[in-house]
Structures are given as C-alpha cells and as structure tokens.
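Residues in the sequence shown are numbered consecutively from 26, following the working numbering.
In case anyone wonders, no lab produced these hints; they're calculated from the structure.
Do not rely on the hints blindly, as some may be mistaken.
Claimed, not checked - In the DSSO-like style, the derived pairs of lysine-lysine whose C-alpha atoms are separated by at most 27 Å in a straight line are:
1) 77 / 32
2) 137 / 32
3) 32 / 146
4) 77 / 137
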Amino acid sequence: MAGRRHKGRTLALQALFELDAVGHEPEHSLDLMLEGFETSPEVRAFASELVKGVLEHRERIDEVIRETAPAFPLDQIAVVDRNILRLAIYEILIDNNVPMRAAINEAVELAKEYGGENSPKFINGVLGSVSVLAT
C-alpha cells in the first residue's frame, strides 16, 4: 500500500502544482493528471481525496504555513515546495489517517524528487514546526 500512497501523493502534488501555477479548474487538472497515468482505482481515489481535501482547507493550511515559516512569504515559496507543504499539512493536521512521521517523511521524499536542492531541508524544518502544533 505504501507504494500506491506515494503514487497518489505524487499525482496529487502534480495536480496541485498545476492548479497553483496555471490556475485551471480543480476537476480539470486532476482529470488531466489521471488521464496521463495508468494507475489503480485506489491510487486515483487517494490522489483525488488529497487534492479535494487540500483545496477545501487551503486557507487554513496556508495560514499554518505563514505561522510556521514567517520568514518566507507564501507567494515567494517555490510552487513545488508550497504544494508539498499543503499536502503534508493536510495529512498531519486535518486528515489524520497516517502517522505524523510518515507524512513528514513522505513530504521530504517528494521534495527530494521534485524540489530544489534546499527543498528537503526546508520542508522538514517547516513540518517540524507544524508537528509541534499537532501535539
């Protein structure tokens, strides 16, 4: 299941990136992402659930980012990093279906795959602060 969840998070990240960078409609972006990948129904459902959850709670999630990374204005955080944080914060503070450490580790892995050189360290630092809020 771990591999499927990683694939689902990857698809969700890609859809959220497109929504954030280009501004397409959420359903359209997710549908486009899912069309390009042969995945199981479970992966598709998980990705869709993540995207919908992040979008539904985006204001709250963005406020958490502002609180835990005050030196970095939200609009100046790299689009990839911002959406990795949104996914992880959704899973940590709102969804609560995975252990906090697993959500943080998964976010750091996504940052290693898709972010810049400093992304994993930045993501880990911000989520470390988020974990304090969650306890």
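Status of each hint after checking the structure:
For the hint linking residue 77 to residue 32, the alpha-carbon distance of about 16 Å falls within 27 Å, and the restraint holds. Distance check on the hinted pair: residue 137 and residue 32 sit about 15 Å apart at the alpha-carbon level, within 27 Å; holds. Restraint check for residue 32 and residue 146: satisfied, since their Cα atoms lie roughly 22 Å apart, inside the 27 Å limit. This hinted pair checks out: residue 77 and residue 137 have alpha carbons roughly 24 Å apart, not beyond 27 Å.
Of the numbered hints stated above, none is contradicted by the structure.
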